[in-house]
Amino acid sequence: MRYNAGEYDVAVIGAGHAGIEASLASARLGCRTCVFTINMDAVGNCPCNPSIGGTAKGHLVREIDALGGEMGKTADAVTLQSRMLNLGKGPAVHSLRAQIDRREYSKVMKHKLELQPNLHMKQAEVVELTREENGIWQLVTRMDAVYRAKAVIIATGTFLGGKIYIGDVSYESGPDGMFPAAFLGASLKKLGLRLRRFKTGTPARVLKSSIDFTDLEVQYGDEPVIPFSYDTLTPPKNRAVCHISWTNEKTKQIILENIGRSPMYSGKIEGIGPRYCPSIEDKIMRFRDKPRHQLFIEPCGLDTEEMYLQGMSSSLPEDVQIAFYHSIKGLEHVQIMRSAYAIEYDCVDPLQLNASLEFMDFPGLYGAGQFNGSSGYEEAAAQGLVAGINAALKIQGREPMILDRAGSYIGTLVDDLITKGVTDPYRMMTSRSEYRLILRQDNADERLTPIGRKIGLISDERWERFKLKQKQKEEERKRVKSTVLPPSEALNRILVSHETSPVTTGVRLSDLLRRPQLNYECLKEVDLSRPDLPAAVFENVEIEIKYEGYIKRQKADIAEMRRLEAQKLPQDIDYTKISGLRSEAQEKLSKVKPSSVGQASRISGVSPADISVLLIWLARKKEA
Amino acid sequence: MENKSIYNTSSKTIAAISTPQAPGGIGIVRISGPDARKIAGKVFTSSRGKTLDDIKGYTALYGRVHDGDEDIDEAIALNFTAPASFTGEDVVELSCHGGLYILRRVLKAVFAAGAVPAGPGEFTRRAFLNGKIGLTEAESVMQLIGAQGEQAAKAALAGHDGALEKKIRQIRESLLQMAGHLSAWADYPEEDIPEVNEGSLHATLCSVKGELERLLSQFEAGRAIREGVVTVIAGRPNVGKSTLMNLLSGCERSIVTEYAGTTRDIVEDTVILGDIPLRLSDTAGIHLTEDPVERIGVERARERIREAQLILAVFDSSQELNDEDRELVSFVLRSPAIAVVNKSDLPIKIDIKYIKENFKQIVYISALSGEGLEQLKNAVAELLHTAGLNPADGILFTERQRDAARRAEDSVSEAIVAVESGMTLDAVTVSIEGAISALLELTGERATEAVVDSVFHNFCVGK
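Chains as they are written, first to last, in the UniProt record's numbering: chain Y, 1 to 624; chain W, 1 to 463.
Bear in mind the hints are in silico, worked out from the structure with no lab data behind them.
Hints are not guaranteed to be accurate.
[To be verified] FRET-style restraints, in silico, Cβ to Cβ:
#1 Y/133 - W/84: 49 to 55 angstroms
#2 Y/446 - W/173: 33 to 39 angstroms
#3 Y/290 - W/176: 19 to 25 angstroms
#4 Y/454 - W/192: 42 to 48 angstroms
#5 Y/619 - W/170: 33 to 39 angstroms
#6 W/170 - Y/498: 22 to 28 angstroms
Just so it is clear, CB atoms sit at the ideal spot from N, CA and C, and this is done for glycine as well.
Chain Y with its partners taken away, still in its complex shape:
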């Protein structure tokens, strides 16, 4: 029998990476919040790789942290090994990635949620979601408990209609053998949401002692470790290593011989998988000429012998998995503890959302994470934070937090989802940002902490620290621009040894830093007035000087972009009545309902001609 179980400002369905950030942000902003999870032991679970960050994802974690989110802090607390990827490829693509202790991560996160005032946690499967006449949302659990909330954030991950595939075998399941959310999907469809099926996959977990590490390449962490969070004052230590191995001709042969038994290739799975994170059978089928593929053997934690085989996800039958894993050097006798699998799930067409991640047709209903068509923990957390913040702001009658493409990867992620939609699970990449020399991981705080502060997620202590760092950057920038180093033997020795031309007259420190061959470190000896500052300050100043020309030009591009962004489009335009728009454009514009001409111009299927029609229409409307 149904019973009234409680009333909340915000209800969050799912306590994965999106649900965590959403519920913490909402509760921290003072909203009475309840988060529902099917399994209380799965809060902040990492059902795929035991790592946080990576290219562009590392940027997202930094940005989440700069806004006042939790992911970076927790990752720092449980880091096993940390590396800054892409050093040498340029500051725009430097990305932090940390191997983490998977169980610890989940434990720490769960504890943080438990300790958070205003936040209740419930182990329950939400089976029904309806809206009352007055706009209040009603959630019903499998146990017939009825909760009422002013706003609901759906963050169901791969649980929603989850179905696992291993070869010919398939069964309804959430990730890691947990129960799926079997009923909510039907309720959402009834409500009027457009759902679709996506799939993702994960490799096997294997027993460490059954691996022969003798001939495998070791991958160490970077020293010193740079933390994700601006709040982590004592950097974590590297506590584990990873190993690298390769597939070979035999692996390829086994997979090719058995490809017919893959549910993907036999057509059993309808869900669309991520292009950017293919299974090993996908890689072999698509790149037949490639003789070998790399894989990483990563630890799942310090108190477990389970190892993760990055790069080897699969949905082939267990016997085939055993055969091809055994074909790999070092894994000849490996013991599989958990098999690789593919999982298919329901998600929503994100074109139904606006930039605060609220459903345009359902006020108070938000979506975040894989439910919105993305993939990855970091992408999920970023959206959870946006949805949580905006749900709270709306309830408090405050302006929504809209992050644009020019200010963050989070803004780029949200804009891509709601404007371009997705055809396969969306993964963040640095190449998705046209402003990536500005959206760097070293200046995430500069870009976003003032916003986080205004919203109310940045503590006084952190804010003071931020302001101090900004001041240090400013002063150091001034210093290097005004400091002139006299020509000296010592200086020229440095210059020549770094293969750049010596000087005969005094030279500005900033002009030396501009030279691609030079950096702060190598000029230390001759830069006598250098103050003692944190490494992050030097790093930031050096990048902004070295790339000054590019940064300036990207800023000009941003100004141009924001001009089109400022041309607002009302939400109630009937695009079918604007003659001159091609019918494809009418259809796309009606679906996306862009909030500005700028957003409209990024919709695929809307041509420049259509944009000019819109501009003319807007101009006429203003005249009228």
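Got chain Y sorted already, so can you dock chain W onto it with the hints?
Frame of chain Y, contents of chain W only:
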């Protein structure tokens, strides 16, 4: 279309003369918009008594045009029904005898019947807005009207068929491939993506830069063919200017003079030499003089020479060079000038070595033999770089296209400098992407208000 709401961008019916406004065979008054047939019906009466509403699209009626009761001319009315017309609207074209006077009278009558004058480029704008043509196509349609001479028509057609677009796409494709590789390499550091080879990156960038430079360098040549060049015939009295004029008068006369934006008040005649329309004017001498009235004339002559795109400096071979000749030589030293030496049957006295030292091109003409025209044609083509121009390779037509190509070239150069100076590849990638987006703008695949504004601003009335 009865929908007259504010959404409707084309509720008015517009009209204009849509053939070049110059004496010619046939002239067309084009009427476009919801009331095109009704308005045309008021000024046109078919000789068989049919009305435009009686006939199908793409059919014609023969009859007469009149202004009220007053008969103007015989005419053919061509009926196009929406959306199967150039503009995508109902269109009627009245083809009359091409005299400017008659066409203007017909247009006046059409206005009196309810049409409004078409704004600059409005027909093409409507065609564009109704999805009938793309952006580059729209621009080349305009060029087609303005085209003078065979080669210009070919270039405009190449634009119409997309030769420019094809070329740009081809350039963009190689940039996109590079950017794609660089992105994959940066975004997937653990996927053993092959290292980006800076040598081949540099080579590809240089070849793209070469392609863009070629397009840009041909812009002026393309424009010379399309719009003609302001040409000044300079030289003191009686050196052979009239001989030159006589030679040139053997050329085809240009029919179009009003379209290009060049100053034409000084144009006295336009001839087509080879492929290039020359807008000729001749000048008085440019010698030093004390006479105040003469000085004004000299100053004007200097002014014309300074503004000229081509100077034909004429000398008489039978006379020694005098101060006035030398003054002319030194004045045109840095200008695009050709020395035209008029040969008579008198003994040669001119210091030809001096002329050779000061001009890259020398052409001998002779009134007696009529020789020199072919040579002059080649010299002009060489000087204006039109000789090697192959319009089918794609030519930049408009300032807007040139500006975009230039920005693309700047970005590519920047990328080259970055590679050479050892900048990190993320910076190189950003420059390559800058070039790609400039090229997308060129072909109209990326919207900025500026593109649309400038495109339409540059259209002439009547298309």
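Results of checking the hints against the structure:
no. : hint                              : result
1   : Y/133 - W/84: 49 to 55 angstroms  : holds (51 angstroms)
2   : Y/446 - W/173: 33 to 39 angstroms : holds (37 angstroms)
3   : Y/290 - W/176: 19 to 25 angstroms : holds (22 angstroms)
4   : Y/454 - W/192: 42 to 48 angstroms : holds (44 angstroms)
5   : Y/619 - W/170: 33 to 39 angstroms : holds (36 angstroms)
6   : W/170 - Y/498: 22 to 28 angstroms : violated (40 angstroms)
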